[in-house]
Amino acid sequence: MKQTFGIDCPGCGLQRSIIALMHGDLISSFKLYPATIPFLFLIGFTLVHLKADFRSGAQIIKIAVGFVAIIILINYIYKIFTHQLI
Amino acid sequence: MSEEQLEPQETPKPIQPPVPPQNNPFPHSGGFNGMQQNLPNATIALILGILSIPGCCCYGILGLILGIVAWVLGAGEIKKFHLNPNAYTESSLKNAKAGKVCGIIGTVLGSLYLLIIILIIAIYGFAFIQDPNFAKELIENMK
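In the order they appear, the protein sequences are chains F and C. The opening position of the first sequence corresponds to residue 22 in the numbering used here, with each subsequent residue numbered one higher. The opening position of the second sequence corresponds to residue 78 in the numbering used here, with each subsequent residue numbered one higher.
So that you can see chain F by itself, here it is in the shape it has in the complex:
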């Protein structure tokens, strides 16, 4: 995305971050994209919730999604101010 369009996007870094995570590198995964680990947790929890149907599962998912969205926003604003976008 970055090379094609010239501008980094809020979702950019996610793939690099997941690849780093698959290599077992938690720290560089977090540096590339801080929301990856919470987001993967969120997906995992959602799948378990859909199978097991927790009582307050939907509520927890809502809060977690808001949390991840805030991390992504903060990360993107931080990138804008540190000129990492281009």
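It should be emphasised that the hints constitute simulated quantities derived from the structure, not laboratory data. The reader is advised that the hints may include incorrect statements.
To be verified - Distance ranges between label pairs, derived from CB positions:
| # | chain 1 | residue 1 | chain 2 | residue 2 | range |
| --- | --- | --- | --- | --- | --- |
| 1 | F | Ile40 | C | Ile200 | 30 to 38 Å |
| 2 | F | Gly65 | C | Ile195 | 29 to 37 Å |
| 3 | C | Lys156 | F | Gly45 | 45 to 53 Å |
| 4 | C | Asn161 | F | Lys72 | 24 to 32 Å |
From the three backbone atoms N, C-alpha and C, an ideal C-beta is built for every residue, glycine too.
Starting from the known structure of chain F, arrange chain C on it as the hints suggest.
Frame of chain F, contents of chain C only:
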């Protein structure tokens, strides 16, 4: 003094009343518990809503589409539930509501990004998007 402070710890905990079984998700529905189904699209709305958050790539369009679909699906399911509250399970209603909220968040993220892109194009023109070197030079000049 120390004995008095210790005293409350030694008192036995009050026995909690047994929690009533919560098999019936609709206490007001008069025990109607037989034919309840899950709302058909609640799960899909929830999953789309969650996927719309990292989908704010691709000019924000992918995230926007997923988010709006999740939003509309979730809202539709909630309406369907309220038309006939006894026919569907409450847990799927919660899923539909969560899907709607996730869809709204994804839509907001996607549209914010789209707005940024449109602003950049409006200010600097298409060259900024199409030619990364042009953008780099521009920022170098700003410094």
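Here is how each hint holds up against the structure:
1. Between Ile40/F and Ile200/C the beta carbons are some 34 Å apart, a value that agrees with the proposed interval 30 to 38 Å.
2. About 35 Å separates the C-beta atoms of Gly65/F and Ile195/C, a value consistent with the hinted range of 29 to 37 Å.
3. Between Lys156/C and Gly45/F, the C-beta spacing of about 46 Å keeps the proposed range 45 to 53 Å intact.
4. For Asn161/C and Lys72/F, the hinted distance range of 24 to 32 Å is satisfied, since their beta carbons lie about 26 Å from each other.
In this structure, every one of the numbered hints holds.
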